[in-house]
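These protein sequences, in sequence, are chains A and B.
The opening residue of the first sequence carries number 0 in numbering that gives the first Met the number 0; numbering runs sequentially from there.
The opening residue of the second sequence carries number 0 in numbering that gives the first Met the number 0; numbering runs sequentially from there.
Just so you know, the hints here were simulated from the structure itself, not pulled from any lab data.
Ideal placement from N, C-alpha and C gives every residue a C-beta, glycine not left out.
Incorrect hints may have been included.
To be verified - So the derived label-pair ranges between C-beta atoms look like this:
#: 1; chain 1: B; residue 1: Arg3; chain 2: A; residue 2: Pro16; range: 20 to 26 Å
#: 2; chain 1: A; residue 1: Gln32; chain 2: B; residue 2: Ala138; range: 29 to 35 Å
#: 3; chain 1: A; residue 1: Ala183; chain 2: B; residue 2: Pro185; range: 38 to 44 Å
#: 4; chain 1: B; residue 1: Pro185; chain 2: A; residue 2: His198; range: 37 to 43 Å
#: 5; chain 1: B; residue 1: Val79; chain 2: A; residue 2: Gly178; range: 47 to 53 Å
#: 6; chain 1: B; residue 1: Asp91; chain 2: A; residue 2: Asp148; range: 25 to 31 Å
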Amino acid sequence: MDRPNSYKRDEAGEQPPYLHPEYRSTVLRAPKQPLVPLPHTLSEITGPVYGHEKVGPLDHDLTRQHDGEPLGERIIVLGRVMDSNGRPVPDALMEIWQANSAGRYRHEVDNHPAPLDPNFSGGGRCVTDAGGRYRFVTIKPAAYPWGNDPNAWRPAHIHFSLFGTAFATRLITQMYFPGDPLLACDAIFNSIPDAGARHRLVCRLDLEHTEPEWALAYEFDIVLRGRDATPMEG
Amino acid sequence: MATRHGTTPSQTIGPFHRIMVPWEGGAELVAPDHPAAIHIQGCILDGAGQPVDDSVIEIWQANVHGRYAHAEDTREVPLVEGFEGFGRAITDGDGRFDIVTVKPGCVPGPGETVQAPHIALSVFARGLLKQLVTRIYFADEAAANDQDPVLRTITEPGRRDTLLAVPRASGGAPPVYDFEICLQGPRETVFFDV
């Protein structure tokens, strides 16, 4: 009965495992019992769906949330949200958060001795349009050290949060920048077994949408789980 | 056969999610003085028994009548104005959270089955490369729980009980249910592959 409504399962190696000992925090937090398979019932094919009502007019522009402009390299981050059947995900709430251009989060537990920027909070929201497209304006975040080992550094990244169309499509992830040498040694990025899947998290320089004399653009497309079977084409 | 586009992998929410734009309403799905309000209070513990004090929990549930506020729930069951069924909370320094909501009604399961009242719950945290998904059922719904198609698949009694929120004996108003989430250990919570 539930089969026609189910969402596709991810393929092997596409998602990180819970236990990835190279990322030390997983050791005491990854469940040790196998997950119990859950059929997709009404509880999983419904889910929180939010759109424009959650987004203020400047929430998509992290460079205009204070009186002055933040320091750093202004960038545009844009792309398309679709499902694994290639259909756009329209009118969907996206949330992002990130470190500033010095690699510091405006957060009480971030002790990295890099400067805070009074003109940068680091949190944003936007809604995809009818074609699933989105666009943020922000500052390129910097790398920062973390406690995973004595010389561990996170590659520059932006956190993304999406609800999609159902409880089963909820996704929180991170976007990385092309050519970052820290990617090769990052325990979090390299937790994704399949190299092709891993590199879906690396955005692409997009000269077409770059605004001359103002900001480089980076394109980051996001693919959420699609339906197993679609009863109607349309 | 259409081409399948590979899905975007999950990554950890990390420790710095408090700089997200705050979620209006948090985990108060109804006002605390709502006549049907209940509290679900709990904590999240890691494999060393230490509180997980930097996690985000999200919940999703049907309303008191068992209707989801979502376009795909098209049944002739009433919606409740203002009840969205979603909440988000950040665990405190002791790994604790407090959800204020109403007990959901029953919803259909696969085939002709009926699912007992339950709340879907996701845990996001540093050290979790992907969210963990569990369900909150209610210990005082024994008859419905015995018929629930998901609970029936969990045959070890100790495991099944990890999904039950237990009414607190004090009997105050609004009622309080306790729900502990253990990521590992002898009382490891049942987590689902959704």
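Consistency of the hints with the structure:
no., hint, result
1, B:Arg3 x A:Pro16: 20 to 26 Å, "22 Å, holds"
2, A:Gln32 x B:Ala138: 29 to 35 Å, "21 Å, violated"
3, A:Ala183 x B:Pro185: 38 to 44 Å, "39 Å, holds"
4, B:Pro185 x A:His198: 37 to 43 Å, "40 Å, holds"
5, B:Val79 x A:Gly178: 47 to 53 Å, "51 Å, holds"
6, B:Asp91 x A:Asp148: 25 to 31 Å, "29 Å, holds"
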